[in-house]
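**Q** As a plain string of letters, each chain reads:
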Amino acid sequence: MPTRNITLALLGWCAALAVSLAAAAPLHDLYICASNSRGTRVIGFKDTSLNGVYRREADGSFTHLGLNHPMTLSVTFDPRDARLFYVASLSGILRTPDGGQTWRVATDWDVTEPKSVVVDPNDPDTVYAGVPDGFIVSRDRGLTWVRAERGLPERGKYTQVVQVDRTHAGRVLIGCETGIYLTEDGAKSWRHVFTCAATVEDLQQSPHDPLFWLAVTQADGALQSRDGGFSWTKLAGVPAEHALYNVAFDALNPQRLALASWTYGLLTSEDGGRTWVERNAGLPVPHRVWRTAIDPDTGRLYAAVLDQALFVSDDFGRTWKAGGMEGSRITGFTFVPRAAR
Amino acid sequence: MKTKFFPALVLSIAAAVSMRAQPSFAGPMPSPAVEPDADVRREAYHQRINEVLHWYSAQAKPGVPYGREVILAKLALREDRAEVSRSVITYMKDPGTGPFWMFPVVAMSLLGQDQLTPAAKQALRDMWRTTYQVRGDTENHWAMYYISLYLISELYPNEPAETWYTGKSSAENLAEAREYLIHWMDLATTVGQGEFNPTGYIAEYAVPLSYLSTWAKDPAMRLRGHMMLDLLFSELAENSLNGMLRGPNARTDEGNVIERWNAITSYFNWLLFGNTVPPAGYGGFGMFFALAAKNYDVPEVMYRIAVDRDRDFVARDLKRTRRRWRLSDQLMPPIYKTSYMRKDYAAGSYQGGLADPIQTHVWDVTWAVPDPRGVHNTMFSLHPYSSNDSMQMYFSTFPEPMIPNLAVEGKPSYDTPTKVVGSSPYERVFQDRDTVIALYDIPPGTRFPQINGFFSKDLVNLTEDKSGWIFAQGGNTYLAYRPLAAYKWIPYLHRNGGWAKEEKNLGGQLLVSEFLKNGTIVQAASADEFRSFAAFQAAINSLPLEFKLEPVPVVKMTTLRGTRVVFTYGQAPLVNGARLDYSKWKLFESPYLNAEKGSRRITISYGRMQRVLDFSVPSITESATPTP
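Order-wise, the sequence lines are chains A and B.
Counting from 1, position 174 in the first sequence corresponds to residue 173 in numbering that gives the first Met the number 0; the numbering is continuous, with no gaps.
Counting from 1, position 224 in the second sequence corresponds to residue 223 in numbering that gives the first Met the number 0; the numbering is continuous, with no gaps.
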């Protein structure tokens, strides 16, 4: 019947497109934040490991960039020039204007342990960062930073994750101890859009539908929003007894999603989030998956297993192989369009 | 994220050097006699400093580049300049990172200004450009980090951003460091210090502060460093019993909390006041203080507080918890600390609850002994709390990884039911002089639902009385311990420090009570107050005492000192019918240390002597009021 034929044709076209995209030069560079001390780093002890920001090379290896920092969590790039990037680190926001050749601790003494840093793609002079005691913003390409917490609670504003709506300058969602907050005016004011029992660990905007967002939490399972983050509902089928650490969309296939968790390991969905399965066979035991990501160019699935290695799967978690970074603790994946290089 | 931790360094340094004889460590206890002559005191102080420096200098091995401590000792003693310079260059070839690395390197630069070769100085300078220095995540880290950054930026002024690992100019580094340090001093002198009365971390404050007070070019910052040292050491003097710091302690460890003397605080008491012996290796970090210690004159008022007390006294201090990032309605809730000091013993406590997530010691009664080495001269109870919530309150971390990581990050005992260090959100404490009441209301499902009471191997005449009281004697102190629920005894297994994974049976017992609603009462008294131990027991048994555990623990009693107390879990205690008002707690209130909350002005007193630290100016004013 025609509908079935069209569907099959579309599927075939998608598959062909995926293959051709995979064969072509990647459109994105992958950067990761990683530490390699296998969880044994102690301030005051000699640490010979190399840590910080790494970039994936064409052969799949990872090259360390610039500064050896023992704890980095998040990296974000200026879309106009990817040599300018920012790193959320134990000591504050680190800024490099030249691809990691030189660095500056861009924040002052009063900012510690930022968890997440994001450039606004539609207003790239503006950079946002979540910190344990709230939220900060820079409006001059990361040179100076100020608090931007109007509308956030005095307590309960521990901010784990920041995501900018790619379709609107100044529209930002943050995941905090007390839930999800939204600003539509570049962090001049915030409103509480969802209340959680414990920290919201990750937020992601669908690459297919900008109104579709997913969040994962420490105690409320996974959440979805179909209206750009104004309202949220629980995503059935995702376990909620233990914390979920992050969530990833597949830019090539809107049906594919992945979740990382200390307890559950790697969970995937191939039906847009309706059903989920554990994809831990082939991962080290215990499968403490700290971070997951899906390559926007190839659909390759990544699982960063705590202090073990990076693992990759080209069949969406059915089989895994080592992907380098042995012994690492990968705390963030960022795919950067090569056009910005 | 959690980052740790100095005692391991201390232990490693101490362990490395402890095999060689150290005069004071191995020698007899010093005479308790008070030395009235300031010149004699100063000379003895300088002799002790020299003992440390010479002992470390003597650790040099022929033909081997000097290690960090030897380099520093020889710089302080102005010895072997050529080899010291060569060793500095070697040392700088493998730089470390972070506040613990920074301050000794700063000391090398400052001590070596007129001793090191240009090449050695350049090697030191280059490190600040080439090697990123991590700031850390606690107040002791930040004190070390920012004092180091301040001093090194002052030493190399007017240098551009690209010559510093921060990417900031000398002036920017200096301004940031100065601003943080003044902010921290403001906090400490208005609402109280966070890592209060630490048994180990005192060095992380005292050492960099001694460098600030010695080498800061800005006279105001130099003075501030000196004033903070005065404050730190005055508190140490007031809170130590014969040179031994007792509880409560914001941060301590399994070794220090049991063998109370065997902490670096004893090194400072030995060095400053000469009233005890130092631990092995001079406490490890002690040598870093000795480098600049001659610049610090111990004020007589402080010396007298340490060694020449003429009365029993109560001290009440205001402190604050470590920063709580979440799961709390306050960033740094107040700590209301009480201390009662007598010749034979001391009792100390705060009101309970979490201060630091792992290393807090909430209360104890500790007795004096002629020679404290190897003696476990303390008594206390605690709920061995272990929780991911607590980790998340204080650390910016996911819920699960922290506790497993503690095993490799220096806190292997944290998640064990028989631990003897730690605070609990389910403990409430009230103290009236030498009476301590600790109440526990542990929710069902809490990990380790039990109370651990520590009974030392050094107690004698341990008696389980049919009244329910447990009587014992430690030194010249009679102790009465009343568990409020049934209990059992298990052997106490000792860990010789926070990092120790091995447990040793050195004697002693833990009283373990596995009831969620629970409590402990401890009443202490001097043996001199009673004609016999039996008379003490009779006096305790005659005290009016009622308690119940449901629906919440309540104790209604009259103490040995005649104070009527009604203490209900979750409520402010009633003392002689009046509700205890913590809001009136001052920053310091005792015969020796006094300050209003928010004042930035601390008065240190002894007899006619007075020393006022006014951080709002800043200034130090000494006076001696006329004899009436």
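Errors might be hidden in some of the hints.
SDA-like, lysine to any residue: derived pairs with alpha carbons at most 25 angstroms apart [said to hold, decoys possible]:
{"id": "1", "chain 1": "B", "residue 1": "K120", "chain 2": "A", "residue 2": "K233"}
{"id": "2", "chain 1": "B", "residue 1": "K92", "chain 2": "A", "residue 2": "E153"}
{"id": "3", "chain 1": "B", "residue 1": "K547", "chain 2": "B", "residue 2": "V611"}
{"id": "4", "chain 1": "B", "residue 1": "K92", "chain 2": "B", "residue 2": "D113"}
{"id": "5", "chain 1": "B", "residue 1": "K92", "chain 2": "A", "residue 2": "P152"}
{"id": "6", "chain 1": "A", "residue 1": "K233", "chain 2": "B", "residue 2": "K585"}
{"id": "7", "chain 1": "B", "residue 1": "K500", "chain 2": "A", "residue 2": "D46"}
{"id": "8", "chain 1": "B", "residue 1": "K92", "chain 2": "A", "residue 2": "G155"}
{"id": "9", "chain 1": "B", "residue 1": "K500", "chain 2": "B", "residue 2": "P411"}
{"id": "10", "chain 1": "B", "residue 1": "K92", "chain 2": "A", "residue 2": "L64"}
{"id": "11", "chain 1": "B", "residue 1": "K596", "chain 2": "A", "residue 2": "D46"}
{"id": "12", "chain 1": "B", "residue 1": "K516", "chain 2": "B", "residue 2": "L326"}
{"id": "13", "chain 1": "B", "residue 1": "K547", "chain 2": "B", "residue 2": "D580"}
{"id": "14", "chain 1": "B", "residue 1": "K216", "chain 2": "A", "residue 2": "W261"}
{"id": "15", "chain 1": "A", "residue 1": "K233", "chain 2": "B", "residue 2": "T396"}
{"id": "16", "chain 1": "A", "residue 1": "K233", "chain 2": "A", "residue 2": "T101"}
{"id": "17", "chain 1": "B", "residue 1": "K596", "chain 2": "A", "residue 2": "D109"}
{"id": "18", "chain 1": "B", "residue 1": "K92", "chain 2": "A", "residue 2": "D107"}
{"id": "19", "chain 1": "B", "residue 1": "K92", "chain 2": "A", "residue 2": "K233"}
{"id": "20", "chain 1": "B", "residue 1": "K465", "chain 2": "B", "residue 2": "P490"}
{"id": "21", "chain 1": "B", "residue 1": "K92", "chain 2": "B", "residue 2": "L154"}
{"id": "22", "chain 1": "B", "residue 1": "K60", "chain 2": "B", "residue 2": "P29"}
{"id": "23", "chain 1": "B", "residue 1": "K596", "chain 2": "A", "residue 2": "N67"}
{"id": "24", "chain 1": "B", "residue 1": "K500", "chain 2": "A", "residue 2": "T47"}
{"id": "25", "chain 1": "B", "residue 1": "K120", "chain 2": "A", "residue 2": "T101"}
{"id": "26", "chain 1": "B", "residue 1": "K92", "chain 2": "A", "residue 2": "N67"}
{"id": "27", "chain 1": "B", "residue 1": "K216", "chain 2": "B", "residue 2": "V611"}
{"id": "28", "chain 1": "B", "residue 1": "K516", "chain 2": "B", "residue 2": "P424"}
{"id": "29", "chain 1": "B", "residue 1": "K293", "chain 2": "B", "residue 2": "E399"}
{"id": "30", "chain 1": "B", "residue 1": "K500", "chain 2": "B", "residue 2": "K516"}
{"id": "31", "chain 1": "B", "residue 1": "K92", "chain 2": "A", "residue 2": "D109"}
Note that these hints are calculated values from the structure, not bench results.
Treat the numbers as computed from the prediction; the structure is a model and nothing was measured.
**Q** Each hint should be assessed against the structure and marked as holding or not.
**A** Hints and how they fare:
1. K120/B <-> K233/A: violated (61 angstroms)
2. K92/B <-> E153/A: Answer violated: K92/B to E153/A is near 47 angstroms, above 25 angstroms.
3. K547/B <-> V611/B: Between K547/B and V611/B the Cα gap is close to 47 angstroms, so the pair fails against 25 angstroms, i.e. violated.
4. K92/B <-> D113/B: holds (22 angstroms)
5. K92/B <-> P152/A: Not satisfied, since the Cα-Cα distance of roughly 48 angstroms exceeds 25 angstroms.
6. K233/A <-> K585/B: violated (49 angstroms)
7. K500/B <-> D46/A: holds (21 angstroms)
8. K92/B <-> G155/A: violated (45 angstroms)
9. K500/B <-> P411/B: Satisfied, since the Cα-Cα distance of roughly 6 angstroms is no more than 25 angstroms.
10. K92/B <-> L64/A: Within the cut-off at roughly 21 angstroms; holds.
11. K596/B <-> D46/A: violated (42 angstroms)
12. K516/B <-> L326/B: Distance of about 24 angstroms is within 25 angstroms: holds.
13. K547/B <-> D580/B: holds (24 angstroms)
14. K216/B <-> W261/A: Not satisfied, since the Cα-Cα distance of roughly 51 angstroms exceeds 25 angstroms.
15. K233/A <-> T396/B: holds (24 angstroms)
16. K233/A <-> T101/A: With a Cα-Cα distance of about 44 angstroms, the restraint between K233/A and T101/A is violated, given a limit of 25 angstroms.
17. K596/B <-> D109/A: holds (23 angstroms)
18. K92/B <-> D107/A: With Cα atoms ~29 angstroms apart, K92/B and D107/A exceed 25 angstroms; violated.
19. K92/B <-> K233/A: violated (55 angstroms)
20. K465/B <-> P490/B: Holds, at roughly 22 angstroms.
21. K92/B <-> L154/B: holds (21 angstroms)
22. K60/B <-> P29/B: violated (31 angstroms)
23. K596/B <-> N67/A: violated (43 angstroms)
24. K500/B <-> T47/A: At roughly 24 angstroms apart (the allowed maximum being 25 angstroms), T47/A and K500/B satisfy the hint.
25. K120/B <-> T101/A: Holds, at about 24 angstroms.
26. K92/B <-> N67/A: holds (16 angstroms)
27. K216/B <-> V611/B: holds (23 angstroms)
28. K516/B <-> P424/B: holds (13 angstroms)
29. K293/B <-> E399/B: violated (48 angstroms)
30. K500/B <-> K516/B: Status violated; Cα separation ~31 angstroms.
31. K92/B <-> D109/A: violated (32 angstroms)
Hints 1, 2, 3, 5, 6, 8, 11, 14, 16, 18, 19, 22, 23, 29, 30, 31, counting from the list given before, are not met by this structure.
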